[in-house]
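Let's have the full structure, built from the sequences with the hints guiding it.
Sequence order for the protein chains is A and B.
In this text, residue positions in the first sequence follow this note's numbering: the first is 1, and each later residue adds one.
In this text, residue positions in the second sequence follow this note's numbering: the first is 1001, and each later residue adds one.
Simulated from the structure, these hints should not be mistaken for laboratory data.
Glycine included, C-beta positions come from ideal geometry on N, C-alpha and C.
Please note: incorrect hints may appear among the correct ones.
So the derived list for chain A, only partly shown, Cβ under 8 Å to chain B, looks like this [what the hints assert, rightly or not]:
1) 32
2) 79
3) 80
4) 102
5) 103
6) 105
7) 108
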Amino acid sequence: GDSVTQMEGPVTLSEEAFLTINCTYTATGYPSLFWYVQYPGEGLQLLLKATKADDKGSNKGFEATYRKETTSFHLEKGSVQVSDSAVYFCALSAGANFGNEKLTFGTGTRLTIIP
Amino acid sequence: SQTIHQWPATLVQPVGSPLSLECTVEGTSNPNLYWYRQAAGRGLQLLFYSIGIDQISSEVPQNLSASRPQDRQFILSSKKLLLSDSGFYLCAWSEGADTQYFGPGTRLTVL
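See the structure below:
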């Protein structure tokens, strides 16, 4: 079945450091890929997405590129801020061709940025 | 624009008591609806999803149930809560495409 493997956390970085959170996936067909962010005590927010190979999703300074050859969708940001402290989830969707739109989530990576 | 509401925001219930959590979506028609549970410090577990009124699929056998009495209303219930039901419950919707949008969540503590 489909699966998502995320970098184990927690990750602690200093402000303005470069961030990479690794995500790899296993899926049949051509899934869409997502990064969601969860701030303390809140629901999940869509951060960015990519729907086909070589697409780059970007939002709020975060980027991730859909790499079919390595089945990866790593999240990056050039200079993190304290406000980026949150839990980040990588997810995939098998898509409407499969009859529904269930998402398969990774386990989440907790990121803490220290001033 | 679409919005999703969940209530209550927090709930403390004794073991063996019933449960009813409500989720409503505004600004869209015939959405797919989802219930997830997030245990403390852990990932998301899909509990139920629905592609239409009275069309509900269960992902995990347990003492919870879900109902969809109206197009944009999704209810999570239990007749008798267990300690292990404690967690953060998230409702989400999608509009036929693959992106899901999440509500603010309900934090349930079972004592």
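Results for each hint:
1. 32: 5 Å, holds
2. 79: 27 Å, violated
3. 80: The hint is violated - residue 80(A) has no Cβ within 8 Å of chain B, the shortest such distance being about 22 Å.
4. 102: 6 Å, holds
5. 103: Nearest chain B Cβ about 6 Å off; hint holds.
6. 105: This hint holds: residue 105(A) lies near chain B, its Cβ roughly 5 Å from the closest one there, short of 8 Å.
7. 108: For residue 108(A), the interface hint holds, since the closest Cβ of chain B sits about 5 Å away, which is under 8 Å.
Checked against the numbered hints given earlier, this structure breaks hints 2 and 3; the rest are met.
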